[in-house]
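Enquirer: Residues per chain, in single letters:
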Amino acid sequence: MALDTTPKGWRSWVRYALLIVMAIIILFPIYTTIVASLKPGNRVLRNPLVPDSFTLDVLGDAWTQGRLGRYLWNSAVVAVIVTAFQLITSIASAYAFSFLRFPLKRFFFAIFMATLLVPFEVTLLINRRTVDSLGWLNTYQGLAVPFLATAFGTFLLRQVFMQIPKDLNEAASMDGLGHWGFMREVAVPLVRPTLGALGLFSFLASWNQYLWPTMITTEDDMNTIQSGLRLLRSSDLDKPNLIMAGTIIAAVPILVVLVVFQRQLVRGLTAGAVKG
Amino acid sequence: MSGATKRRWRDVPLAAVMLGPSLVVLVAFVLYPLGRAVWLGQQRCNVQATKCRSVGWGQYTDVLMSNEFQSAVWVTVKFALITVPVGLALGIGLAVLADKHMRHIGFFRTVFSSTVATSVAVASLMWLFLLQPSVGVLANIGWLNDIFPVIKEPGLLNDKGTALSSVAISSIWANLGFTFIIITAGLQGIPRELQESAFVDGAGGWRRFTNVTLPLLGPTLLFTTVVLTSRAFQAYGEIDLLTNGGPVPQQSTTTVTYLIYGSSSIIKSNEGLKAAVAVLLFVILLGLSALQFRGLGKRVHYGS
Chain A
1 MALDTTPKGW RSWVRYALLI VMAIIILFPI YTTIVASLKP GNRVLRNPLV
51 PDSFTLDVLG DAWTQGRLGR YLWNSAVVAV IVTAFQLITS IASAYAFSFL
101 RFPLKRFFFA IFMATLLVPF EVTLLINRRT VDSLGWLNTY QGLAVPFLAT
151 AFGTFLLRQV FMQIPKDLNE AASMDGLGHW GFMREVAVPL VRPTLGALGL
201 FSFLASWNQY LWPTMITTED DMNTIQSGLR LLRSSDLDKP NLIMAGTIIA
251 AVPILVVLVV FQRQLVRGLT AGAVKG
Chain B
1 MSGATKRRWR DVPLAAVMLG PSLVVLVAFV LYPLGRAVWL GQQRCNVQAT
51 KCRSVGWGQY TDVLMSNEFQ SAVWVTVKFA LITVPVGLAL GIGLAVLADK
101 HMRHIGFFRT VFSSTVATSV AVASLMWLFL LQPSVGVLAN IGWLNDIFPV
151 IKEPGLLNDK GTALSSVAIS SIWANLGFTF IIITAGLQGI PRELQESAFV
201 DGAGGWRRFT NVTLPLLGPT LLFTTVVLTS RAFQAYGEID LLTNGGPVPQ
251 QSTTTVTYLI YGSSSIIKSN EGLKAAVAVL LFVILLGLSA LQFRGLGKRV
301 HYGS
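Residue numbers (full-length UniProt numbering), protein chains in the order written: chain A, 1 to 276; chain B, 1 to 304.
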């Protein structure tokens with residue numbers, strides 16, 4: 001007997017009512033932000049809940065005055081570099097830990113895993129000095145290099161690599177398929193779904209970084225969208241609609257990314273849910 | 001050279017090429033800074049942090065005993081005690097509410113997931129515009145101010161009683177999309193037959209939820225709890241944008257992370273103290289994750 005859990009009658013009305021109330025509560029901050037960003041400055045404080053006037057000028061002003069285009073570009077450059085490198089370095093190191101023989105393998109693996117326990121908040125303080133002494137303040141290198149490798153990605157991919165039978169690797173090497181060939185033909189295709197999830201995870205994590213860019217950016221040209229929003233907030237509180245327009249513009253690209261990659265989203269977010 | 005030794009060393013050059021880049025980055029930007037922070041934590045520096053000299057490991061004890069540090073830890077714990085249970089409960093509630101075959105359910109799922117697209121800066125600015133006492137939305141709704149005068153004077157973010165909860169609400173909202181998506185995925189992983197057999201055994205909706213759904217959600221809920229707790233302990237952006245650690249003089253929203261990095265933190269120009277606080281935060285987080293996995297791990301059903 002199949003259990004039909006589709007609610008009927010008054011139960012379904014109660015459920016709809018709850019769904020609608022929750023949807024309104026969750027959408028409320030987004031709604032007020034959109035309403036404010038579409039109102040001219042002199043109208044924004046009156047009837048903040050009612051879209052009684054409409055202009056696209058504020059969005060335009062936020063784009064030009066706030067230099068949001070530049071910030072978005074910086075964020076995209078950094079996030080793409082970080083994601084690409086994290087995928088490559090994770091594949092390489094996970095492969096080494098899974099299929100290569102070398103001395104002190106356990107020791108090196110322990111080093112990788114130990115880094116998982118260290119939160120950014122502890123290291124950024126010193127990393128700022130390092131980046132400063134390398135002359136990398138206000139540069140893409142400064143924003144990206146500390147995050148080019150990830151023990152988390154290594155661990156995740158190694159979990160999948162370890163499921164590949166060792167015989168397969170040995171058979172491949174007898175057939176003259178070296179490690180590079182085996183990696184390209186067998187290992188990487190097998191982890192492709194995991195790579196998608198890891199890639200999205202890395203991209204979001206990099207894009208959403210807030211503390212680091214605010215620490216090493218002093219020139220306006222090198223702000224990411226997150227540190228740029230901070231700048232917008234500190235300069236223009238007398239123009240709240242401008243800040244709200246900036247917020248909308250900042251949110252749109254990531255919304256597009258999530259819609260395009262929604263198949264990877266759940267796996268990307270749960271990537272950390274390592275099976276016990 | 002024997003065959004076995006040869007095989008043992010054959011892969012070394014390739015391993016070096018493959019591990020090298022990761023190893024360099026992880027050592028230079030994770031392990032070295034950790035060690036350096038531990039060392040810096042017992043030093044006192046000039047304001048430019050160009051010259052530092054050791055003042056002894058007692059500096060860690062001094063920090064640990066200081067009112068500023070203890071207050072920051074307490075604020076952080078309160079923040080976690082608000083955001084984690086409320087966020088989790090709302091996430092479970094929404095996921096269960098939307099886990100039915102109904103018309104337009106896809107629309108509601110999209111809405112409930114939507115805040116996953118907001119970064120901490122985006123979410124905080126949206127809430128700043130709601131809560132700010134002069135230009136904020138709530139402050140410009142007349143009847144609301146008559147009931148809750150605190151909204152306008154001094155403002156929810158400026159009152160020592162409401163500031164932390166206000167930041168917490170913004171944070172819960174921002175994390176809700178994530179929580180909803182994860183728990184919904186967890187619900188969909190529960191085998192239908194289990195629900196059905198419980199139904200056949202005469203279990204009502206609520207008992208099916210507490211006896212079947214909730215235990216089987218264990219691993220998902222553990223994961224969500226761990227993520228939400230670590231996010232609470234590392235909360236920075238929302239505090240930087242909404243309250244700057246204030247209101248002063250109580251520093252009601254100065255969390256440990258804000259104490260280290262905040263632009264109006266009391267130790268902002270003392271690198272040695274900042275490092276000491278950072279190391280202590282590391283120890284706290286380490287203890288916390290050990291605790292979570294031991295305590296919660298026992299009560300979790302991993303299924304088969």
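If you are wondering where the hints come from, they were derived from the structure by calculation, not from laboratory data.
Glycine is no exception: its CB is placed at the ideal position from the N, C-alpha and C atoms.
Hints are supplied without guarantee of correctness; some may be wrong.
Claimed, not checked - From the structure, some residues in chain A lie toward chain B, with a derived Cβ separation under 8 Å:
#1 14
#2 15
#3 92
#4 101
#5 117
#6 140
#7 144
#8 151
#9 186
#10 195
#11 199
#12 233
#13 247
#14 250
#15 265
Enquirer: Given a cut of 8 Å on the nearest C-beta pair, is the interface hint for residue 233 of chain A held or broken against chain B?
Expert: Residue 233 of chain A check passes; min Cβ-Cβ to chain B is 6 Å, inside 8 Å.
Enquirer: Verify the interface restraint on residue 101 of chain A: the C-beta must sit less than 8 Å from at least one C-beta of chain B.
Expert: This hint holds: residue 101 of chain A lies near chain B, its Cβ roughly 5 Å from the closest one there, short of 8 Å.
Enquirer: Close enough to count: is the Cβ of residue 15 of chain A nearer than 8 Å to one in chain B?
Expert: holds, 7 Å
Enquirer: Close enough to count: is the Cβ of residue 186 of chain A nearer than 8 Å to one in chain B?
Expert: Constraint on residue 186 of chain A not satisfied, violated at 16 Å.
Enquirer: When the nearest CB of chain B is found for residue 117 of chain A, is that gap smaller than 8 Å?
Expert: holds, 6 Å
Enquirer: Using the nearest Cβ pair, does residue 195 of chain A come within less than 8 Å of chain B?
Expert: violated, 16 Å
Enquirer: Does residue 144 of chain A meet its interface restraint, that is, does its C-beta lie within less than 8 Å of any C-beta in chain B?
Expert: Residue 144 of chain A check fails; min Cβ-Cβ to chain B is 10 Å, beyond 8 Å.
Enquirer: Interface hint check: residue 140 of chain A, Cβ to nearest Cβ on chain B, cutoff 8 Å. Holds or violated?
Expert: violated, 15 Å
Enquirer: Quick one, is the residue 265 of chain A hint okay against chain B at 8 Å, beta carbons?
Expert: Residue 265 of chain A check passes; min Cβ-Cβ to chain B is 7 Å, inside 8 Å.
Enquirer: Restraint: residue 151 of chain A near chain B, CB-CB cut 8 Å. Satisfied or not?
Expert: Holds. Min distance 6 Å.
Enquirer: Given residue 247 of chain A as an interface hint, is its Cβ closer than 8 Å to any Cβ of chain B?
Expert: holds, 5 Å
Enquirer: Should the interface hint for residue 92 of chain A be scored as holding, given a Cβ-Cβ cut-off of 8 Å against chain B?
Expert: Where the cut-off is 8 Å and the nearest Cβ of chain B is about 4 Å from residue 92 of chain A, the hint holds.
The structure fails to meet hints 1, 6, 7, 9, 10 and 11 from the earlier list, while all remaining hints are met.
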